[in-house]
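Student: For chain B, the structure is supplied; the task is to place chains G and W on it using the hints.
The lines below spell out each chain.
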Amino acid sequence: MKNLWSNLYVWLDERVQLESLVAFMGKKYVPVHRHSVWYYFGGVTLFLFIVQVITGILLLLYYKSGEELAFESIQFIMSKVQFGWLIRSIHSWAANLFILAAVIHMFSVYFERAYRKPRELTWLTGMLMLFLGMGFGFSGYLLPWNELAFFATKVGTDIAGVVPFIGKPMLIFLRGGEEVSGATLSRFFGFHVAVMPGIFTVLLGIHLILVQRQGMSEPLHTDRSEAGVPRTTMPFFPNFLLRDLLLWLIVLNILAILAVFFPWELGTKADPFASAPAGIAPEWYFMFMFQTLKIIPAKVLFIDGEVLGVLLFGVAFLLWTIIPFWDRKSARGEHNRAITYIGLFVVGYVLLLTILGWVL
Amino acid sequence: MNDNTGAVHEGKRDLLKYILGAGLVAWLGSIVYPLAAYLKPPRQAEVEVSSVKVGKLAEIEKDSGAIVRFGNKPVILVRSAAGELRAFSATCTHLDCTVQYRKDLGVIWCACHNGKYDFNGKNIAGPPPRPLDEYRVVVQGEEVLISKQS
Amino acid sequence: MKRPMIVASIVAVLCFHVFAVAADKCFVCHEAMGDKASTLFKRDIHFAKGISCSGCHGGNSNTDDMQEAMDKANGFRGAPKGDDVSKACAACHSDGVKMKSFGSRLPTGQWEALQSGVHAKLSLSGKEHIAQCTTCHGAHGIVSVSNASSPVYPLNVVKTCARCHADAAYMQTYNPSLPIDQLEKYRTSVHGMRNAKGDSKTAECASCHGSHDIRSANDLKSAVYATNIPATCSKCHSDAEYMKSYNIPTDQFERYAKSVHGLALLQKHDLGAPACNNCHGNHGATPPGVESISKVCGTCHALNADLFSASPHKKGFDALKLPECETCHGNHEIVAATNELLGTAPEAVCSRCHSASERPKGYEAAGAMRQLTDSLEAAEQDARALLDEAEQKGMEVGEAKFTLRDARQARLESRTAVHSFNEKKFTETVAKGLSTASFVRQEATNAIDEYYFRRIGLGVASLIITILAVSLYLFIRRLERQQARTGTHNPQSNQ
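Protein chains in written order, with our numbering: chain B, 1 to 360; chain G, 361 to 510; chain W, 511 to 1005.
To be clear, the hints were calculated from the coordinates, so they are not data collected in a lab. It is possible that some hints are incorrect.
[Stated by the list, open to error] Distance condition first, Cα-Cα at most 30 angstroms in a straight line; then the derived DSBU-like pairs of lysine-lysine:
| # | chain 1 | residue 1 | chain 2 | residue 2 |
| --- | --- | --- | --- | --- |
| 1 | W | K903 | B | K80 |
| 2 | W | K731 | W | K637 |
| 3 | G | K476 | W | K778 |
| 4 | G | K416 | W | K911 |
| 5 | G | K433 | W | K935 |
| 6 | G | K413 | B | K269 |
[Said to hold, decoys possible] Counterexamples of contact, computed for chain B against chain G with all Cβ distances above 12 angstroms:
| # | residue |
| --- | --- |
| 7 | R15 |
| 8 | I166 |
| 9 | I296 |
| 10 | L319 |
| 11 | W320 |
| 12 | R332 |
The beta carbon of each residue, even a glycine, is placed where N, CA and C say it ideally should be.
Just chain B, with the same shape it has in the complex (with noise of 0.2 angstroms):
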């Protein structure tokens, strides 16, 4: 047996040079301070993104898409197919643990000022990968084709079209068509399964190579080693790949058991000619956002409440994203006390309206 394995190495090593990826990996140190915990949250993620990428192809072999077919086959799916509604369940599920371990592993390197020269890039990958993982959940939203779905892309793709000048075109884009119809599910479909896991990919391999070869980013504030203070380390291969491994082991667990005490509601058909139902609701993690139009008066100073909303998160996200490049202070390896306040101000700011959003 043993040898079966070391036979097998020995060939592989001959042909594509396995030995250096061992001695890298051997080589490599992932530091260990009181915040090493947040290096678990990209792990994790990356954990569900593979579980979406397999639960979604499982879903692929009996979801049909179209105005017709997409509710029924979900509901074949959860019925007839056995293990369907647990397949379905984890999807939807995975799906939602996704976007929250992505937003967390990003805010603790935007408190870590991880993003700080010179993982400028991995930082921007990152951050697009974000916005697809949002994509993907309000794209994978609509494919049950339910009610709840239907008015929410309503409304999600109305806001986009409030944009000035390319909100209108933008919104016959994404719509495929003036109005939510089958034609806007087709293209929706199309986007989840085929357009952003192709770009989601692309961006995963760069950021994962940049990880690999540049290591983990040390916090400013634990940078022992200005004290005088040895700095500890944890090899990579196999104390922490280990522990990747029982994380996600764990968060397959949870999973499994959030999908057989919750499983994910398919809700009733969507009827385009219906008159909205009550509590429309966008996805939790669009709700601040969502929230925030609510709250903005129509008009402020003859701009349109809305528009001006847009515009703002747009502004804001794009800030966001290339923080790296106007936060100098972090990239000179200074502390920067402002960046923890507008971190803090808008973790608060998300948290507050979200709450807000759904207990209003």
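Tutor: Showing chains G and W alone in chain B's frame:
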């Protein structure tokens, strides 16, 4: 814990490896089983809602009616003595009983309160307040299909 | 172009004559001639009010020169024709101010009302309406509606309407499908018989159909449109003061509105549901007799009527002169039948005639049938509750739900089958439902079991994952301790 001796260590390690290996195998099993079950094509191979196959045209007698399941609703397929095919929702518009074809009367008939519908699904006698909803019958070669009126 | 000028000249002429009425030369001459019009006009209300012939016919009534009086230049137009007749009437009758000047308290706008009705449809010639004012009110001897000689007086109006409506040849030209026997039927009704005897309070044509804005019965706004009929009848029949002298109850509408029929018609607008006229008749309105009740109900509830007729009860009811359906179900306030009607309990209708000592065979059968129907209902409810539970647990039970329809159907059929009053027949129907219900129950139980199977599956998987996780954790610790001892790697780890 740090004062564990090497011997204990070795014994424990073997056991641990066993558990780890067995756990891994069992875990793989618990993943592979649902996946394999999921991949196995279910009894009803396809989603069938927008249209339902009823059967061969030759097998449907003239001057007869049959109840066909359409999603969660029953549909009655009637064939006139002249051979014309019609399909209607088989749910009586009075109190939701399932209607049937009465050869002796030549009408679609509800057993609950003697409601009667003609060959066009129109309520002609008894308590039904409105006609039966019509479905579309499509004959493709020999196959007879029922689909929703669009 | 022409019409406004004519109207304007009529108005001008009219105004003129109102003040010059003292010397109505038209009437003087025509009376001397002894023609029919002027003879009739003497008793006309318009004559009494001092309105001259020229009020309608135009011309100059102040001159005895025939040439001048009937000169077209003076607005003379002879006998108005077609719609001009009604327009001439409307010139005053649709003008509140003018009517007041004659001291009239009549309502105005009859012409407008007439126009919204069926009689304002084009006549055959295509140029005028079917009926003009004079068609019903007459031309020269017009008197108040309260005057017994008026053709629209309650006792006379039926004949006035029948002049056209009973004329087959005439009606044929307008609406061939409309019956022409309304008056004939009316005379057989309680209303018609009283009317013939001179009771002007009972309903005549206009009481239900309206007087001027008479609409087709298919017109949603018609007082005799199916959903409006109960309210139309109740205008009189629910008025206790009005009905006092007739000594009949006045709560029919109130009770009808609470009945299955009333709810279906008035709330759900189900036009298949009977209104007053479906049981009592419309023109021949009369309470159905004991003999005919089951036939009246049987026009819709045919199966029940058939079963009843073949049942042992038929003979018994006939012997006792009991009205068939009404005995158990009541008349106006027929509520949805419940299981409580059946059985041996005091509130069950069976117990009115059957008891352990009196007619005990029926008593036993009633008890047994009640038990059966109760058990079917319970079985159906039980199966439904289990299905709901399974569904709430997220299980898909669409197929079983579909099957459960059959149990419900059997229950509904059994309720019809009751009317055979044949225990065996009833048991058969119920048994069908019971077996379906038990099948559905089994399906639902299976689905619920599957739900728990999922939890057990999850438990097993969780156990496996936990064991794996714990052993992995221990493995990592071991590994790191080994590394610490051998110093392979950076010794310190975050424990």
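Student: The structure should be examined with respect to each hint, and the outcome stated for every one.
Tutor: Hint check:
Restraint check for K903/W and K80/B: the C-alpha separation of about 16 angstroms stays at or below 30 angstroms, so the hint holds. For the given pair, K731/W sits about 26 angstroms from K637/W by alpha-carbon distance, which is consistent with the 30 angstroms threshold. Between K476/G and K778/W the alpha-carbon distance is near 21 angstroms, which keeps this suggested pair within the 30 angstroms criterion. Taking the CA atoms of K416/G and K911/W, the gap is about 28 angstroms. The hint holds against a cut of 30 angstroms.
A distance of roughly 29 angstroms separates the Cα atoms of K433/G and K935/W; the hinted pair therefore holds under the 30 angstroms criterion. Distance restraint check for K413/G and K269/B: the Cα-Cα separation of roughly 23 angstroms lies within the 30 angstroms cut-off, and the hinted pair is therefore satisfied. The claim that R15/B lies off the interface holds: its Cβ sits roughly 28 angstroms from the closest Cβ of chain G, which is beyond the 12 angstroms cut-off. The claim that I166/B is not at the interface with chain G holds, since no C-beta of that chain comes within 12 angstroms of its own (minimum 36 angstroms).
Under the 12 angstroms C-beta cut-off, the non-interface status given to I296/B relative to chain G holds; the minimum distance is some 42 angstroms. Look at L319/B: its CB is around 43 angstroms from the nearest CB on chain G, clear of 12 angstroms, so calling it non-interface holds up. Separation of W320/B from chain G is adequate, the least Cβ-Cβ distance of about 38 angstroms exceeding the 12 angstroms criterion. Distance check for R332/B against chain G: the nearest CB is about 43 angstroms away, which clears 12 angstroms, and the non-interface claim stands.
Comparing the model with each earlier hint shows no violations; every hint is respected.
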